[in-house]
Amino acid sequence: MNSNSKQKKPSLLTRVMSPVHLGQQFVASFHDLWRTPMASLMTILVLGISLALPATLHLFSKNAERVSAQWQTAAEISVFLKSSVTEASAQNLLQRIKLYPEVQQVRYISADDALEQFKQLSGFGNALAYLDSNPLPITLLVTPTQRHSQPMAAKALLEKIQGEREVEQGKLDVEWLTRLQAIMVLIKDIVFALAALLSFSVVLIIGNTIRLAILNQKDAIAVMKLVGATDGFIQRPYLFTGFWYGVLGGLFASITVSFLGKFLGAAISDLAQLYENQFYMQGLNLPELGLLLSIAVFLGLMGSFISVRKHIRSIEPNAD
Amino acid sequence: MIQFKNVNKTYPGGFQALKGINFSLEAGEMAFLTGHSGAGKSTLLKLITLMEKPTSGQVIIDNNELSKIRYSQIPFVRRNIGMIFQNHNLLMDRTVFDNVALPLVIEGLSSRQIRKRVEAALDKVGLATKVKCLPYMLSGGEQQRVGIARAIVNKPPIILADEPTGNLDPKLSLDIIQLFEDFNAVGVCVLIATHDLGLIARMKYRTLTLKQGQMITDGLAHAEAV
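Which chain is which? The protein sequence lines are S and D, in order. Okay, so the first sequence: first residue is 1 according to the working numbering, each after it adds one. Okay, so the second sequence: first residue is 1001 according to the working numbering, each after it adds one.
Check each hint, because a few of them may be wrong.
Listed next, with one range per pair, are the computed distances between beta-carbon atoms [stated by the list, open to error]:
#1 D:1015 x S:34: 53 to 59 Å
#2 D:1181 x S:35: 24 to 30 Å
#3 D:1072 x S:219: 19 to 25 Å
#4 S:34 x D:1139: 51 to 57 Å
#5 S:22 x D:1012: 27 to 33 Å
#6 D:1181 x S:22: 39 to 45 Å
#7 S:219 x D:1012: 31 to 37 Å
#8 D:1139 x S:36: 28 to 34 Å
#9 D:1022 x S:219: 55 to 61 Å
#10 S:219 x D:1111: 53 to 59 Å
Simulated pairs of lysine to any residue, SDA-like, Cα-Cα distance not exceeding 20 Å [to be verified]:
#11 S:218 x D:1130
#12 S:160 x S:91
#13 S:218 x D:1116
#14 S:310 x D:1128
#15 D:1053 x S:91
#16 D:1116 x D:1130
#17 D:1053 x S:160
By construction, these hints were calculated from the structure, which means they are not laboratory data. Built from N, CA and C at the ideal position, the CB exists for glycine as well.
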């Protein structure tokens, strides 16, 4: 009876699996994947591709952000001075604007220079010869510092410059910058929405794969329940399987994204060179790869957990 | 050890499988459960192993009232019951060793202990040489004995057998029953469901007879014959 009473109250130790057993199950579940190589491979590929798509888009938005950051520093404010302003007071204004903390550089274009440029660019050169005075004002080209080249800050700077009494009008081509920024935000939102949708489908796909695996093993699960296996014991290998799907799918996604990045990066570099621009596509960095892998593992576990919860409980042993 | 108090079982659809069953088996007792097909033998065993719940009445196993057992506790009740089935219910893709080891693995024993106890159990049923075989390589009688080894390997206080001799010839049947007698001799409570009346008549054990869901006799088999 001694042994009976011991069995009646299983100690915590016998309820919980030993680490060695866990390790064995963990490894065994990896090998189990190759019992059905095609099905496993399909699931891993679906998982990998589903994750590679938003990851690649992220790569693009990241690189586009870098490029647009270059463009933003090139933003200039054209400041047209009143025609009554003399060259001396214009120089004076130039010195004052140069002292603004927001300003990196100011270029002075005299009315004559402006006329010369206009003649060259517009093609009205001969017509301009009939004008008896130069209608063009003195122009200052103000380049803001990097910090103040963002649309909002640049706009503030423009207003400040317009406050100067010599200034007739300031012009900042901020529209396209605002639009670009809006597009960047949109792309980021699209990446996020796409990632959310695909993650959801990945959970469903893995859940379904695990469901099929459970139904395949229905008889074995019934037998295990009969000899006293807890649901926790039965579901553990399936959770491990979900984990492995996540790891392998995540690795596949990482490789795909790196490959796509390299492949498209070469083409983009060529294109950039035609624009006399040096550009190198930046791949995913280590934290990003880690995040991708973690998300994959999380989704794998999530899918298998939902499936296991629902289906293992519903299998009941039957003596017939 | 096993106690039924006025147990009724009605399946959905209205079929009444058991009607007012009362009996109790003490620890270390051995008994047969008999009756025609459909008399309720399987239902009675299912109630003991928590595969079904009684419609009314109480089933008490080892001082546990089964209706009070929560879902999460069911496995721990089942670990105290060794179940043997007519169709063996073995895992066909696992070796004899793995099959017998299953209850011990579930309980989380060390692999050294598992090896020792599995070998002892297989030795007991005379299959010590078949450790590495897969179930399909074995004969029906051998498969049945693997099932028995699995049922006894964790030394449960109760053994239930559902038609354990169903497909076996009389000589093998007797061997199997003798195995159960051996377990009973060391204090295990054994309940064997069978319709093999000839076998029961020879054994002179307490016999519970079911007919259309009612227990019509409870006593020694030869007393019924008189």
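*Which numbered hints does this structure break?*
Going through the list in order, the structure violates hints 1, 2, 4, 5, 7, 9, 10, 11, 13, 14, 15 and 17 and respects the others.
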